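Chemist: Single-letter residue listing:
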Amino acid sequence: MTAEALTGLVFLPLLAACAVAALPGRLGGGFVLAGLAPLPLCLIVLTGAVVDTGTVSLAIAGFASPLGIEWFVDPLALILLWLNTVIALVVGLYAARDYPPHSARGGRFWALWLLLTSAMNALLLSADLFNLFVTLELVTVAAIGLLVIDGKPAALRAGMRYLVLALLGSLFYLLGVALIYGQAGTLDLYQAGERLGPELLPVTALVLMTVGLLVKSAVFPLHSWLPAAHGNAPGPVSAVLSAMVVKVSIYLIWRLWLWLAADWQPDWALPMLGLLGAGAILYGSVLAFLQVRLKMMVAYSTVAQLGYLMLLFPLFGPLGFTAATYHLLSHGLAKAAMFLAVSNILAVMGTDRLDRLGGADRRLPLDTLTLALAGVSILGLPPSGGFVSKWLMLQAAWAIEGWGWLIVILAGGLLAAAYLFRPLAVLCARPATARPADDVRAPSPAGLRWGGIVALMLALAALVAGLAPAPVLTLLEGGLPPGARP
Amino acid sequence: MSVLEWLAAALLAAGAFFFLAGTVGLLRFPDALARLHALTKADNVGLLLICSGLAVLGGSVRVTGLLLLVWLLAMLASTVSAHLIAGRALADDDTGDPLDEGADERARSEGGT
Amino acid sequence: MNLLIDVLIAIGLVVLAWQALVGGSLFRGIVMFIVFGLTMALAWARLGSPDLAMAEAAIGAGVTGALLMIAYWRLRALGASRPTPRSRLRARLALGVGVLSSVLVAMIGLAAVEAIGPGGEAGQALAAALPATGLGNPITGVLVIFRNLDTLLEVAVLLAAYVASRAALGDDKAALPLPPAQDAPLVGALVAVLAPLTVLVAIYLLKAGSQLPGGAFQAGAVLAAGGVLLMLAGRLHPAPLCGLGLRIALVAGTVVFSGVGIIMLALGQPLLAVPGTWAVYLIETAMMVSIGATLVLLFAGSAGLSGKALR
Amino acid sequence: MSLLLPALVVFLLLNLVAGLWRVFLGPTAADRMLSALLFGSTTVAMLLVLAQWQQSPALRIAALLFVMLAAITSIAFVALTQGRVAARRAPAPPVEPRQ
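Protein chains in written order, with the working numbering: chain H, 617 to 1102; chain B, 9 to 121; chain W, 3 to 313; chain V, 2 to 100.
Derived from the structure by calculation, the hints contain no laboratory data.
Hints may contain errors.
Some chain V residues near chain B, calculated using beta-carbon distances under 8 Å [stated by the list, open to error]:
#1 P7
#2 L9
#3 V11
#4 L13
#5 L14
#6 G20
#7 L21
#8 D32
#9 S36
#10 T43
#11 A46
#12 M69
In this text the structure is predicted, and so the values were computed from the model without any measurement.
Glycine included, every Cβ here is placed at the ideal spot set by N, Cα and C.
Let the sequences and hints guide you as you build the complete structure.
Modeler: Have a look at this one:
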């Protein structure tokens, strides 16, 4: 049964994408539904298996590594699969308003959306270094397609820049894979890790792959493409880009350093990766505060929040690992909610310039509430999911007496408070200043309320994640990286 | 070396000579049409000689047929290409290329050839 | 002598790459890039990878060269001005980055040459498992049987690239149409010979691919080159053809490949198991059709030959 | 014979390097295309010689692909000419899609 579930996770959206791309018109919505709706069922089956046995693996075509490719699911991968599926489904509900599947543009949107979902699932399942490269490519190409789907010149420019940098990152990653294959004679991540040591060549390969993935995940100081891309993409696309697409690259960096190189990671590297994270938190937060456009602020906030995921390396241990994973989860939900709410605001007000959004709360109470609730989670205030992760992270820093990291985490929280309160204050406190622009393609009130409810659901999920973290944390403790096991 | 191998060696060497002639023509002849003339003729003969030499060495009908096909296709391609490029060279009355950073300086220094 | 050949090719590749990227004339850069492709084919030949030499030939000569030419033409037709000269500082910075990367590449290369590890385990497993499949070409074995998930997802990448390019182009933004080639007599004769020949060669490559170098990728690229030729000669207009058939051709590779794999799972076999040589041919044929169709349509979209392609 | 074939490859390679000078020099686009033409036929010759020398018959197929597709770039190059002439005559190129 698990084999069928794993197959469904990748092949249902893939085949649905083919159907949407090839068969025109009326059936489109049905195909999309058939590709996305059964995914939670697959995941429930898979979750049962992972809870029972700890890990699940499947050799594709019956050929075990090193000859073939193997899929491998541990609790970390499982949690990300859930996040990806929830985001794809819920944000998809929102996107159905702007991109009806039976239109030409909508058909293309859903083909790319389904391909992206399938590729991300395949990436999370894969335990093969080259297969991971292929899935990364598919993720990148589909993401860029979604980014430019409206044909806005700013989005096209951002997409071109993203494309070039992402290809550069891919080449770095591929070079590292080639070096590792030459040394280990296998492409399986776990097998290769056992056969390599801290010699020059494996470490070089590791660094090359990491640099490539840092570009793809826009970690400071390689983040320059992200704000333009996420700030100019259509709302649902920004949501999925920020919530999942950049994070799967960071997930791969975790896999490389904590699994592949668990026994031979060079000591000097972990604090350096942490420093990148600290730089991202401080720089991204300050720039988020300085933005004049709401959507750009949210995009820079992503740059900052990605930094916490890099703090896993200096704070490595059972606590640090669960904290970072939980941050990934709660930030994904909260940031998706935020981008959707901003997209609603943009659609109604005709602008997202902060100085022209005064009094928007009266016209958009639901979206203002969503922004505030998601902000609570990003800030790390109780009882949100963000609070749980930051609290665990502080404990981890405390336990290793890493005062510098402690200060960075606290400062990041304060800065987040600063940049998040500013737009809320503008939205709620100021008198109405702006009239909606006339040329805005404002959605109907029903569609608007629908979009607002979807965004609110995500924000509430991020909040609820803080009330009941126990199952996820227990699950994660069953799948710690090799070095973190007591 | 057998007689056949000597024959092949002679054919290959002659082919190499014609390729050299084509390259010298490409570098030394004064204008595009003259260069085109030298290049396509010499290269086709060179390729024919090399193909013949290799056919002698290969010694099978299949290889010979394939080499013949390659040469015939090369003739076809270079005929069409040369014709098209010659038409372009005739229509081309200047070196002005708006996407060329150094075009102006070169045109000035070469007197607008 | 061997070493001399290899060193000449290696130096040539570096010089050509540098010349293709360096400023100055854009057209010169394009020609340098085309020559780079030719030299790369020689490098693959020297490295004992005729498969890659073929792919380089088909893609480089058949699609990329034409694509770059058309892109250049469109840039000029759109009235692009010459690029602004780069500032001193940026040139120096680029030089520094270049030197640093060369040092890095040299270090990696030296380390790789120095420490040739155990390696080859996957290769040995492949050599042991290949005879049971009935295939003689290990590359086809890896692509279609042993690591077929990679291949399947690569075909999906092509599909995604096509849909993404359509998305970027939009519905209403018609590309600049290309004037038909006028020297019709000669071009017509060329097309009359080459168009059937590309189909023939593609089928040969597909069939030979199970035992000899070749396979779906090369065959698809050759088909695509035939399509590009027809378009350039003004014989093929994508718009009337963009019906259901063409769209099915676009997704055929992905659908047939995953369909076979899922049917095998339903029959109690492992996922994506390939039941026999006939299935290899079936999958490769579908992939060839998809690759050819996608490349031609990508060319049509970017070359400005089509007004409304898909939908 | 085992020496002659590699020597031939080296000779052709050196030929190619010399021809590169013409690409560099130009001065017209036609000149640069000419050199690409030279490189095409020289590469084909080299692939054929390599196929014989390294006993790798598949390289003959690669050579066949090159000669078969060599003209495509030239045809695209001519599209460039006509586009250019057209652009010079009429500053605004037609934008209607061909149906």
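Chemist: Can you list which hints this structure breaks, lowest number first?
Modeler: Of the numbered hints given earlier, those the structure breaks are 1, 3, 5 and 7, listed in rising order.
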